[in-house]
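Once you've looked at the hints, go ahead and assemble the two chains, each given alone in its own frame, into the complex.
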Amino acid sequence: MKALIVDDSCVLRMHLGRMMQAMGWQIVEAENGKRALEALRIDSEFALALVDVNMPEMDGIECVRRIRLELPAHKLKVMMVTTEADFPLIEGVLADGADEFLMKPFTLENLRAKLQLLSLPIPSRG
Amino acid sequence: MDGGGVCTDREEVDDLTNEFLIESGEGLDCMERCLGDLQGAANNTACIAEIFRAVHTIKGSVGFLGFSRIEQLAHAGEALLAELRDDTLMVDEQLVDLLMQLTDRLRGVLLLIEERGHEGRRDVDDDASLIETLNRVAAGGRMESPSTDTVSGACETILDGDKTGSAVESTVRVDVVTLNRLMDLVDELAQTRMQFLQSEICPETFALFGQRLDCIAANLRESVMHARMQPVGHLFQRFPRLARDVAVTCGKRVRLEFSGGETELDKSLLESLKDPLAHAVRNAIDHGIESPQIRFSTGKLLAGRIELRAFHDGGQIVVEVKDDGAGIDCEKVKRCAVERGLITADRAQTIRDAELLELLFEPGFSTSDEVTMISGRGVGMDVVRTNVERMGGSVELHSVLGEGTTVRMRVPLTLAIDVRCNAGVWCGVAA
Numbered sequence: 002m003k004a005l006i007v008d009d010s011c012v013l014r015m016h017l018g019r020m021m022q023a024m025g026w027q028i029v030e031a032e033n034g035k036r037a038l039e040a041l042r043i044d045s046e047f048a049l050a051l052v053d054v055n056m057p058e059m060d061g062i063e064c065v066r067r068i069r070l071e072l073p074a075h076k077l078k079v080m081m082v083t084t085e086a087d088f089p090l091i092e093g094v095l096a097d098g099a100d101e102f103l104m105k106p107f108t109l110e111n112l113r114a115k116l117q118l119l120s121l122p123i124p125s126r127g
Numbered sequence: 019m020d021g022g023g024v025c026t027d028r029e030e031v032d033d034l035t036n037e038f039l040i041e042s043g044e045g046l047d048c049m050e051r052c053l054g055d056l057q058g059a060a061n062n063t064a065c066i067a068e069i070f071r072a073v074h075t076i077k078g079s080v081g082f083l084g085f086s087r088i089e090q091l092a093h094a095g096e097a098l099l100a101e102l103r104d105d106t107l108m109v110d111e112q113l114v115d116l117l118m119q120l121t122d123r124l125r126g127v128l129l130l131i132e133e134r135g136h137e138g139r140r141d142v143d144d145d146a147s148l149i150e151t152l153n154r155v156a157a158g159g160r161m162e163s164p165s166t167d168t169v170s171g172a173c174e175t176i177l178d179g180d181k182t183g184s185a186v187e188s189t190v191r192v193d194v195v196t197l198n199r200l201m202d203l204v205d206e207l208a209q210t211r212m213q214f215l216q217s218e219i220c221p222e223t224f225a226l227f228g229q230r231l232d233c234i235a236a237n238l239r240e241s242v243m244h245a246r247m248q249p250v251g252h253l254f255q256r257f258p259r260l261a262r263d264v265a266v267t268c269g270k271r272v273r274l275e276f277s278g279g280e281t282e283l284d285k286s287l288l289e290s291l292k293d294p295l296a297h298a299v300r301n302a303i304d305h306g307i308e309s310p311q312i313r314f315s316t317g318k319l320l321a322g323r324i325e326l327r328a329f330h331d332g333g334q335i336v337v338e339v340k341d342d343g344a345g346i347d348c349e350k351v352k353r354c355a356v357e358r359g360l361i362t363a364d365r366a367q368t369i370r371d372a373e374l375l376e377l378l379f380e381p382g383f384s385t386s387d388e389v390t391m392i393s394g395r396g397v398g399m400d401v402v403r404t405n406v407e408r409m410g411g412s413v414e415l416h417s418v419l420g421e422g423t424t425v426r427m428r429v430p431l432t433l434a435i436d437v438r439c440n441a442g443v444w445c446g447v448a449a
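Line order of the protein sequences matches chains F and L.
Just so you know, this note's numbering puts 42 at position 41 of the first sequence, and the rest follows in order with no gaps.
Just so you know, this note's numbering puts 116 at position 98 of the second sequence, and the rest follows in order with no gaps.
With the rest of the complex left out, here is chain L (with noise of 0.2 Å):
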């Protein structure tokens, strides 16, 4: 056989580039993730080994599948990495800044790849200055400071890139035993149908198998939704990266930590969580972070720490977003709503302040002095309460003034409208 006869077959080429799709896009994740954590420790060599082996191994198999921009992008990324790698080049915000455009740049060629089954001609002197960034980078050279419009647009990048189902979000992991499970629950459907089959018809068998036939179908339902549960860490993954632009954006500091991460949601909850949590991150580093000089002044660390946490709670799953900010003003509160007519100001002499937060949530409610490029003004705290209600959850705030906000919601389990099955189940799923 010749050279040319490995993989000219139309559906191998397909299934390659579509394993190449998922397996850079999670090579992307990855390298995201790692750019998050670098920005604590400056000089962390197992995060910047993680990293260069994501854009390498993008680099090593693109070879085969000809996409030369890709190809090009990793290739100078690589370059750049390795100098990070061998200590000849230290990592400041900057470059951190470079890498994140690079993964957005790749991310934006996958899709495209994706989408039309070619890279696209459109960006491609983009890419061409890129490339000259981190090839001058890479050889010691200074870069022009990134201007907010990259910033800004690479916000809108991961937010669109989110509504988009992307091969690799339309995927879920399974485990084995799960797998096994609802293989012997098909098994035993097809023993029941065959027994049926051969057995005489009379009421009673009837009842029988409908007996038996109701229980494997609740039991089928049940390993299903199990199938579907998603732990919450996947999506406070993607938080670090926007928290990151965002704060740079608003001129803040930002960190950002995780607890529960391992706690399990049903996999399309956790994609409807995914909108209301970035609407709660992006407005607690935009309302409630101070700036850095004004938190000196008050004595907090520089950095705002904003906390994401999820646990159980009376059978449903609580997400939180706290932040250490400066809380919500309540006299301000009261004003903006007197000066819109939601309340008299009778009614804001003697309103408790529970009840004038829910204010918060009325549509196009907002005490920002200022419209903001992040959280703009209008769409606010009402379509975080709108979704999460029409998953069947709540929204609870709370906050004191000066110490921080908390963003509270409960949404349910599952999805499942006659969850009859055994609690015991869930918990330990979760648990």
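So here's chain F without its partners, still in its complex pose (with noise of 0.2 Å):
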């Protein structure tokens, strides 16, 4: 399974690309809108896109707009990943085409219940 993490700050890609990793993801990081876009328009197999609020260039509001907008075929579940202070985004962003959120800091657990939530499967490594 292949999930595309979309957030400016390295910092968040590595650990929660570290999370997705331990259960089994394969991932592809993105450090704003417009890049996670390019990359979802050359590669139909992502499952699930992780999205961060507030980045530069294109923020994930935009973004997901734009996924739902431009590649209505893909099957794509896409998860805000979210602090509180983007929160009041974030009902606009789930009527615009988002499935799910996640709030920072987040434990493995809350990821992994969320990712049942979308009924995505959670493949164990090894």
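Simulated from the structure, these hints should not be mistaken for laboratory data.
If you're wondering where the values come from, they're calculated on a predicted model, not measured in any experiment.
Take the hints with a grain of salt, since some may be wrong.
Stated by the list, open to error - In silico contact screen, one side only, chain F against chain L (beta carbon under 8 Å); selected entries:
id: 1; residue: D9
id: 2; residue: C11
id: 3; residue: V12
id: 4; residue: L13
id: 5; residue: H16
id: 6; residue: Q27
id: 7; residue: N55
id: 8; residue: P57
id: 9; residue: T84
id: 10; residue: A86
id: 11; residue: L90
id: 12; residue: K105
id: 13; residue: P106
Where a beta carbon is used, it is the ideal one built from N, C-alpha and C, also for glycine.
Structure (structure tokens):
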């Protein structure tokens, strides 16, 4: 299973990436919404995008709108990764095409629970 | 695998922390730069958005690492910045001050984490009062005007911070083209070694391989030197903050302008230029730029202008600090020089202005009537000159009474002792 992590913070990408990899996911990283769209356009294998809200160039809100608009055939689940300061924006973006949200800071258990909500398999490594 | 299984590996935690330190340091640099810009344009949406993002990112990632001091500070800062972003609060000088205090505090804690691996407990009480002020201002309350102590404290923080070689400062970003070139040269070296081992040893082959190795070594040195080149703009970026703090302490108004920031210089030379430049900027504000009242009465713009310029000149790099202040009063310099016995009264009658200005580089020479907190007395232009000469450069002073002073530092392009490389390559880099 392949997931795209979209966040301008390298720390967050590293951390989330390790959690996902520990659960057996294959990870691709993008540092803003624009890069994420580029990655999604050339690769339709992604099952999940974990998208930060506040990013330079293109923020997560715009990114999700564009994903749903430009790539309607993509069977991609989108989970917004947010802090409480972003939270007021989340309701809107859930209506615009995001499937779930995950609040920072999160534990592996939180992440696992959210993946289950999205009915995404949680393959275990090895 | 269980929930605690991720990142229990000590090494993994450490490189996450390390990445956090670098990323947060860059975020704070960006924040300081934007705060400097904010002063010029009172309500700059893009600047505020960038500052917000910097604090937001720090807060977002610190939660995973469990640094609670940083988390609390960043949280309070973020709340205040959200008010700014949403236009419920206006930017003013006090607010910029407050946010500068926040960057200082955050930087201090980052430094503690880097040095000791934990956040320290010493100033937690100060944190509480800073957080309280941030919260109060965010809620629309006023703050007490910052005391001068805080401001001068801030000056010291920047300069002390500069002395420690942090993770960020010991890192150089190198473009891939340069790295590829280095890689090619190393390949070439390895190939030459193979050929050497396989060839028959005779004086001719020896000489041939000697030549080839010379050539590779020269190219390697050139490429490494190239990789060490950094734009002077990196250094310039630090000065808006310094200038602002010094100006506040002296009760002056200053506007900093830059040109030639893309001019490149060897990283270690750039580091050595930091102190002399900082000194020149401090001097310009403290002694050069007049108080707003005086500037008003002489018909100048209230905010003094200080220009930092870098450019190529005859195989050297020139870095200038130019102010539009009062200029140096040569008569006053003469009087001081005679009083101090540096020249005789007779000599003072005949000395040319250029020679007179040279006296300012004498140790301990100061014409200021008062000892100020910023420039003090006794440590002056002599230190600037000594530092710059130590790196193989020189310093000149130009001044016109009433119009301003220029401190011009000339430094070599690189540290290379034997620069046999093609001059065109270097110019190509720096242009």
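Chain L contact restraint on H16 of chain F - CB to CB distance below 8 Å: Nearest chain L Cβ about 5 Å off; hint holds.
K105 of chain F as an interface hint toward chain L, with CB separation required under 8 Å: holds (5 Å)
Hint check, N55 of chain F versus chain L [nearest Cβ-Cβ separation less than 8 Å]: holds (5 Å)
Status of the Q27 of chain F interface restraint (C-beta, 8 Å, chain L): violated (17 Å)
Hint status (Cβ of D9 of chain F to nearest Cβ of chain L, threshold 8 Å): Since chain L brings a Cβ to about 7 Å from D9 of chain F, closer than 8 Å, the hint holds.
Interface hint status, C11 of chain F versus chain L (Cβ within 8 Å): holds (6 Å)
Minimum beta-carbon distance criterion (8 Å), T84 of chain F to chain L: Result: holds, 5 Å to nearest chain L Cβ.
Proposed interface contact between L13 of chain F and chain L, which counts if any beta carbon pair is under 8 Å: The hint holds - L13 of chain F has a Cβ within 8 Å of chain L, the shortest such distance being about 5 Å.
Interface hint compliance - L90 of chain F to chain L, C-beta minimum distance less than 8 Å: violated (12 Å)
Hint validity - A86 of chain F Cβ closer than 8 Å to any chain L Cβ: A86 of chain F check passes; min Cβ-Cβ to chain L is 6 Å, inside 8 Å.
Restraint satisfaction for V12 of chain F [CB to CB of chain L, less than 8 Å]: Constraint on V12 of chain F satisfied, holds at 4 Å.
Closest C-beta approach of P106 of chain F to chain L relative to 8 Å, hint status: holds (3 Å)
Violation of the numbered hints given earlier is confined to hints 6 and 11; the remaining hints are satisfied by the structure.
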